[in-house]
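Counting along the sequence shown from 1, when you hit position 125 you're at 125 in our numbering, and nothing is skipped either side.
Read the hints as simulated data drawn from the structure, not as lab findings.
The list that follows gives simulated cross-link-like pairs (lysine-lysine, BS3-like), each with its CA atoms no further than 25 Å apart:
no.	residue 1	residue 2
1	Lys24	Lys250
2	Lys70	Lys24
3	Lys250	Lys168
4	Lys168	Lys195
5	Lys24	Lys195
6	Lys195	Lys250
Computed Cβ-Cβ distance ranges for the label pairs, DEER-style:
no.	residue 1	residue 2	range
7	Pro98	Pro149	20 to 28 Å
8	Glu205	Gly258	18 to 26 Å
9	Ala115	Glu204	37 to 45 Å
10	Ile256	Ile181	24 to 32 Å
11	Tyr190	Gly44	23 to 31 Å
12	Leu272	Glu183	18 to 26 Å
13	Thr36	Leu237	26 to 34 Å
14	Ala200	Thr161	23 to 31 Å
15	Pro98	Met164	36 to 44 Å
16	Glu267	Gly209	30 to 38 Å
17	Gly209	Ala48	38 to 46 Å
18	Phe176	Glu148	29 to 37 Å
19	Met228	Gly47	19 to 27 Å
Positions of the beta carbon are idealized from the N, C-alpha and C atoms, including for glycine.
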Amino acid sequence: MRKDIHEMNRLAWNAATPVHNSHKGDQARFLRDGGTTLFPEEAGLLGAVSGRSLVHLQCNSGQDTLSLAKLGATVTGIDISDEAIAFAARLSEESGIPATFVRSDIFDWFAGAAARGERYHLAFSSYGAIPWLSDIAAWGRGIASVLEPGGAFVLVEFHPTAFMFNEKLERDWPYFSADPIIEDVGVGDYVAASKEGLVARGYEEGVVGFQNPHPGAEFAWGIGDVVMALVDAGLRLEVLREYDYANGCKFFEAAILGDGRRYCLPEGVPNLPQMFAVRARKP
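Given only the sequences and the hints, what does the whole structure look like? Please build it.
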């Protein structure tokens with residue numbers, strides 16, 4: 001486990017998070033007025049959440065967490081970024097949607113939650129979470145440790161194949177890598193790149209020309225790495241799906257925004273998997 005890498009990424013996310021939120025307007029009002037940031041893929045895999053306890057792992061600024069709370073779940077969001085958790089707590093208060101948010105390295109939180117005997121009906125993670133994990137096997141064990149018997153983990157994530165290509169569809173990343181991939185410039189402004197794909201209620205220009213002053217590092221985990229981390233931890237795989245579009249996030253310059261805020265490659269360009277989804281259950 002690379003706690004030094006986690007700390008590097010914490011600083012990069014602290015710098016990027018206010019920039020991302022600068023484009024999203026009055027998010028508390030959006031939630032109060034009935035808005036949701038959930039896409040059909042995660043909502044469908046999670047199923048009915050009313051009356052269920054749910055932990056949102058790597059929750060970022062809490063928009064999806066609070067969208068799940070609006071559906072009746074008792075939610076706890078965990079994230080390593082101080083800025084993200086502070087924003088999520090404010091958003092909960094200003095929107096009037098109750099939630100618990102915890103600032104922690106996810107692996108430290110797993111250890112503490114297991115020691116306290118915390119258990120959840122559902123665990124959830126999505127969209128750009130996996131590449132920040134330095135130990136995929138420990139992640140799987142951590143999820144298993146905080147699920148109730150019969151509880152399920154749902155992941156909707158960008159596909160590692162899509163990460164192999166840059167915005168011009170040129171291959172520049174490995175599919176597998178035993179070492180972290182370190183970049184001099186950390187988390188960028190993907191909200192500005194994706195615009196209405198990520199901000200359906202009205203994109204605002206906000207901060208312009210952001211360059212993260214902190215480096216960042218990601219890990220190249222393949223589909224097999226993710227699935228086997230869960231299976232080896234004792235969970236039973238129920239669903240594994242792949243999608244040829246990306247919800248909200250524009251990876252490639254050629255991508256076209258279609259129905260449901262899905263970015264697809266245009267006609268004549270060979271498709272590739274841009275997302276995948278997993279549901280696994282604790283016996």
